[in-house]
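Using our numbering, you'd call the opening residue of the sequence shown number 922 and step up by one each time.
Rather than coming from a laboratory, the hints here were simulated on the basis of the structure.
Among the clues, some could well be false.
[Claimed, not checked] Just the calculated beta-carbon pair ranges, DEER-fashion:
| hint | residue 1 | residue 2 | range |
| --- | --- | --- | --- |
| 1 | K928 | W980 | 16 to 24 Å |
| 2 | D979 | Q937 | 28 to 36 Å |
| 3 | P991 | Q937 | 21 to 29 Å |
| 4 | V1015 | P991 | 25 to 33 Å |
| 5 | P933 | I960 | 33 to 41 Å |
| 6 | Q937 | W980 | 28 to 36 Å |
| 7 | V930 | Y989 | 15 to 23 Å |
| 8 | V1015 | A988 | 16 to 24 Å |
| 9 | V1015 | L945 | 27 to 35 Å |
| 10 | V1015 | P933 | 13 to 21 Å |
| 11 | R936 | D979 | 30 to 38 Å |
| 12 | Q937 | L1012 | 14 to 22 Å |
| 13 | H932 | H992 | 13 to 21 Å |
No residue lacks a Cβ here, since even glycine has one placed at the ideal position from N, Cα and C.
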Amino acid sequence: MEMLVKKIVLHPECRQKFLDEISLANEKIRSLRGFLSGIILSSRINPDVIYYFSMWMDWESSLDFSAYLPHFIKNNQHLVANFSEENLEVLISVTAEGDFRPVLDA
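Produce the entire structure from the sequences given, and follow the hints as far as they go.
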């Protein structure tokens, strides 16, 4: 499994407009191959900074989202001041039901 972390710095007063736009793109993101989950978090320090965490079945499927998001950002550049990303490998996921260790590629 792969976890992608996208840091998006918005122009002041553009937060709700950006959230509206990402809500419209929700079906497109959910239909991408290998999508497992996504969550948008807000910085408590700077309300113009949001983080988009998404989890994917594997590296290859995460590439589809990594290719899609820059187009989304470009189409909404009037809302976005800065954008950065980091790809992370999921080693262990702790849940209320216990530890989940992803199947490693053979």
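Going through the hints against the structure:
{"no.": "1", "hint": "K928 x W980: 16 to 24 Å", "result": "20 Å, holds"}
{"no.": "2", "hint": "D979 x Q937: 28 to 36 Å", "result": "34 Å, holds"}
{"no.": "3", "hint": "P991 x Q937: 21 to 29 Å", "result": "22 Å, holds"}
{"no.": "4", "hint": "V1015 x P991: 25 to 33 Å", "result": "32 Å, holds"}
{"no.": "5", "hint": "P933 x I960: 33 to 41 Å", "result": "24 Å, violated"}
{"no.": "6", "hint": "Q937 x W980: 28 to 36 Å", "result": "33 Å, holds"}
{"no.": "7", "hint": "V930 x Y989: 15 to 23 Å", "result": "19 Å, holds"}
{"no.": "8", "hint": "V1015 x A988: 16 to 24 Å", "result": "30 Å, violated"}
{"no.": "9", "hint": "V1015 x L945: 27 to 35 Å", "result": "33 Å, holds"}
{"no.": "10", "hint": "V1015 x P933: 13 to 21 Å", "result": "37 Å, violated"}
{"no.": "11", "hint": "R936 x D979: 30 to 38 Å", "result": "32 Å, holds"}
{"no.": "12", "hint": "Q937 x L1012: 14 to 22 Å", "result": "35 Å, violated"}
{"no.": "13", "hint": "H932 x H992: 13 to 21 Å", "result": "19 Å, holds"}
The structure fails hints 5, 8, 10, 12 (numbered hints given earlier, in ascending order).
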